[in-house]
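Asks: Single-letter residue listing:
There are 2 protein chains.
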Amino acid sequence: MFLKIRPTPESIIKTEICVKFLSNQAASLKNVIEEEPSGPSMKTSIPGPNSLELMSKLKNVYNLGAIQYIVNYEKSIGNYIIDADDNVLLDTFTQISTLPIGYNHPALMESFKNQSNLRSMINRPALGVYPGVDWPKRMENILKQVSPKLSKITPMMCGACSNENAIKSAFMAYKARERGAREFTEDEKNSSIMNQRPGCPDLSILSFKGAFHGRTIATLSCTHSLYIHKMDIPSFQNWPIATYPLYKYPLEENERENKEIDKSCLEEVEYLIEKNKNICPVAGIIIEPIQSEGGDNHASPDFFRNLQAICKKHSVILIIDEVQTGCGPTGKFWCHEHFDLPHPPDIVTFSKKMQMAGFFHSEETMPEQPSRIFNTWMGDPGKTILLETILGVMKSENLLDQVQRSGKRLYSGLEKLQNEFPELLHSLRGRGTFIAVNAHGRPLRDTIINNLKKNGVQSGGCGQEAIRHRPALIFQERHVDIYLDILRKILKEISGRN
Amino acid sequence: MFLKIRPTPESIIKTEICVKFLSNQAASLKNVIEEEPSGPSMKTSIPGPNSLELMSKLKNVYNLGAIQYIVNYEKSIGNYIIDADDNVLLDTFTQISTLPIGYNHPALMESFKNQSNLRSMINRPALGVYPGVDWPKRMENILKQVSPKLSKITPMMCGACSNENAIKSAFMAYKARERGAREFTEDEKNSSIMNQRPGCPDLSILSFKGAFHGRTIATLSCTHSLYIHKMDIPSFQNWPIATYPLYKYPLEENERENKEIDKSCLEEVEYLIEKNKNICPVAGIIIEPIQSEGGDNHASPDFFRNLQAICKKHSVILIIDEVQTGCGPTGKFWCHEHFDLPHPPDIVTFSKKMQMAGFFHSEETMPEQPSRIFNTWMGDPGKTILLETILGVMKSENLLDQVQRSGKRLYSGLEKLQNEFPELLHSLRGRGTFIAVNAHGRPLRDTIINNLKKNGVQSGGCGQEAIRHRPALIFQERHVDIYLDILRKILKEISGRN
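The listed protein sequences correspond, in order, to chains A and B. Everything in the first sequence is counted per the numbering used here, starting at 1 for the first residue and increasing by one. Everything in the second sequence is counted per the numbering used here, starting at 1 for the first residue and increasing by one.
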């Protein structure tokens with residue numbers, strides 16, 4: 001009967017071969033870079049007339065508030081974004097840091113010409129109940145290739161949902177430890193249904209000032225970057241908020257002071273854990289390895305090692321949010337690899353560049369009972385296939401090395417500009433190409449970003465006055481040079497020097 | 001220069017034509033049904049040896065708790081799910097009600113052979129900042145085709161995120177009304193960053209006992225179906241929970257009693273709104289048109305009309321959660337169309353069968369300031385393309401009519417079985433093919449579902465004792481007959497009659 005259903009039904013073994021084939025095929029990077037234009041070129045102001053016309057159509061049905069312009073994704077290529085008016089911009093922001101191998105990479109185009117992959121995508125399963133025959137191999141491959149020394153993976157669909165479920169896992173692990181071998185009580189069961197204690201306990205997640213972990217309501221309780229994100233939304237008022245280290249730059253000139261900052265921040269964390277113990281105990285700490293939306297704030301490896309020690313001491317689950325830092329932009333696959341932690345974190349969340357979202361985690365943070373960390377889809381095979389392709393390209397093209405090389409060139413170029421224009425720029429910092437520099441004040445920062453755009457560079461801001469660099473992993477030295485030339489021109493204009 | 005970039009760059013106009021072409025192409029349904037096997041056939045027990053082997057591989061890395069078996073999505077076709085052991089099951093549950101036009105529909109396969117669609121999917125944009133040239137037309141088309149008389153659309157990625165953001169929109173609308181023309185105060189700005197009043201106010205969402213609105217932490221505060229979903233997760237303890245009507249069946253014999261139930265539930269809603277006014281005011285009410293996970297609990301059109309009147313009276317935003325009921329299974333596109341509401345609801349959330357998730361909403365529930373209802377991706381063009389294809393197939397194949405016809409046949413068949421086996425089944429209810437019948441007690445319900453599976457029918461339970469029917473919209477009369485024959489055989493066996 002099956003022969004009737006499909007002309008060539010593929011066996012499980014064939015599917016496995018197919019998965020392997022896919023992660024090996026990784027079409028050549030050279031094709032994308034060769035197809036790129038030689039540099040930015042601007043035909044109109046931005047948004048141009050075609051963008052404006054399309055935006056006016058969207059206006060009546062859609063929240064236009066944050067839209068910058070309309071993009072032609074058929075034409076955009078490699079590191080260049082091309083808009084509806086044929087303006088060509090060098091992209092150092094890559095769709096809020098989500099595009100690892102640039103626009104229209106041939107390897108991504110190929111991913112779904114494979115019939116097996118196409119079927120995995122259109123027959124989207126409820127992966128927690130009925131996964132497909134290819135799924136075990138796919139999960140194994142991803143763990144093997146990129147897990148930060150954690151044995152478990154839980155797929156999700158976006159960064160906020162990954163953090164929501166990481167937080168839930170921390171609560172469950174905390175209570176499981178406390179409960180030991182005993183079953184749920186009737187009182188716990190009945191009270192939980194009605195949102196009450198003891199079933200829904202007073203437990204908290206400790207987060208940091210300046211943090212960004214998402215915009216769902218519980219992740220918003222851990223987010224403290226801009227008031228506009230949080231205004232009017234009820235919050236878990238008992239969840240403690242500690243101070244994230246904000247260093248003085250350059251680091252080599254402020255070592256002693258910055259060490260004091262670390263010390264005082266760590267003391268505050270421990271104080272808050274102690275203080276909350278009898279009111280609303282801290283089950284987990286959530287932290288970004290670099291606070292991204294909050295202004296590209298870096299904390300030292302030493303800070304993170306001590307934070308982990310505090311977590312171990314007080315039995316608190318450590319959640320590292322690598323949604324923006326993960327997948328290579330710092331020159332290592334995970335940013336926290338720079339910290340030489342003595343143990344892996346308990347949970348590492350991911351999304352953005354990975355296309356697939358979710359979290360890697362320890363055995364302890366996987367609840368024993370079924371259906372507790374669960375939802376309808378539990379991820380999306382289509383995004384997992386994209387991730388496999390991306391990992392294949394990263395490997396075959398040595399993109400982590402590329403990031404390190406481009407990062408060095410970008411950093412030293414910015415350092416020169418900071419020295420040349422100290423009245424405009426300060427506090428250069430970063431790892432890989434994940435680099436930021438501050439302008440003196442928000443209005444100046446916004447002017448620089450606007451002028452960059454007028455001159456064909458799409459860049460992004462974060463925090464109050466940072467310019468953040470989030471190019472694709474295929475951003476090469478030549479792109480760095482084009483960018484630095486344009487930036488220098490703009491800084492000269494602003495500074496009024498000829 | 002652009003001519004160099006792509007051999008045949010397509011203009012905006014061409015993209016528009018392409019969008020129209022896509023929604024018209026809708027490959028013939030007959031192909032899928034013709035390719036189907038003639039009925040279920042079982043080769044092994046479930047999970048069979050191949051499923052078990054694949055599950056054992058997954059076990060070390062993945063939460064296996066809810067997995068039933070492993071599926072071969074290449075072979076599955078139309079209404080039939082085929083597992084890793086070549087067992088063929090008639091699917092009345094369709095991946096937790098998410099598969100509108102069955103497995104491997106040729107129209108879905110075609111969607112991404114179109115290069116323009118493929119590029120829209122792999123170049124996944126941050127849609128809130130840089131939408132593509134095709135996006136305004138796509139949003140307009142979807143609103144025109146299926147909006148429940150609401151003028152705005154906000155795309156998201158899953159049901160929980162849609163509900164999270166609908167709830168946030170209700171809070172913002174409530175405060176905007178209260179605030180009037182005045183700006184945010186400094187106190188509001190500073191307190192919100194630290195999760196405190198007045199920036200993060202004490203406001204609540206009223207939900208109903210038995211409801212299911214998602215598993216992120218705030219939607220869990222509105223979810224009250226099973227304790228296992230909620231256990232150990234902190235909750236908004238001040239959010240009021242009202243009683244959802246639970247009728248006596250058959251309805252025609254219990255009219256007076258059920259009217260009393262409506263009345264008392266509505267009084268409770270109004271009492272809770274009044275009671276919370278000075279503690280934690282109710283900004284919104286969230287409700288399912290049919291409580292799905294909670295046990296397929298129906299409330300009358302009259303109940304919903306009165307609930308809307310209460311919302312209008314107290315200036316409360318009404319959120320109808322059509323995540324499970326939307327996209328046709330009740331015989332109308334939206335279930336709440338059955339209720340003849342005098343006004344559209346303020347917000348209607350959707351996901352599942354729609355593939356694309358999000359919410360339709362009123363002008364009032366779109367915040368004035370940018371970046372308040374926002375996230376990195378704001379949806380996914382790939383899913384929107386799938387939705388367009390699905391809407392095309394629904395139209396060209398008159399699938400709402402098919403649902404009504406199949407639903408009638410299913411309902412009358414189940415009615416006969418309920419009359420034949422009153423000691424096993426009771427409380428038949430439903431609209432379209434969205435039909436449920438209760439077993440007398442949970443163990444009996446679970447036995448029926450397990451025996452159905454052994455006999456080649458994938459079905460699903462909900463609440464304590466309901467068997468819920470969630471077939472695809474292409475479930476025809478012949479599938480109904482196959483299902484009813486198998487169900488009758490099982491009921492006879494259980495009842496012990498000849």
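Mixed in with the good hints, there may be bad ones.
Identical chains share a label here; the pair holds if one copy fits it or two copies do between them.
As the list claims (entries may be wrong) - The calculated PhoX-like cross-link candidates involving lysine-lysine, where the alpha carbons are at most 25 Å apart (straight line), are: (1) Lys149 / Lys489; (2) Lys248 / Lys408; (3) Lys144 / Lys59; (4) Lys312 / Lys453.
Bear in mind the hints are in silico, worked out from the structure with no lab data behind them.
Asks: Hints broken by the structure, by number, lowest first?
Replies: 1 and 4
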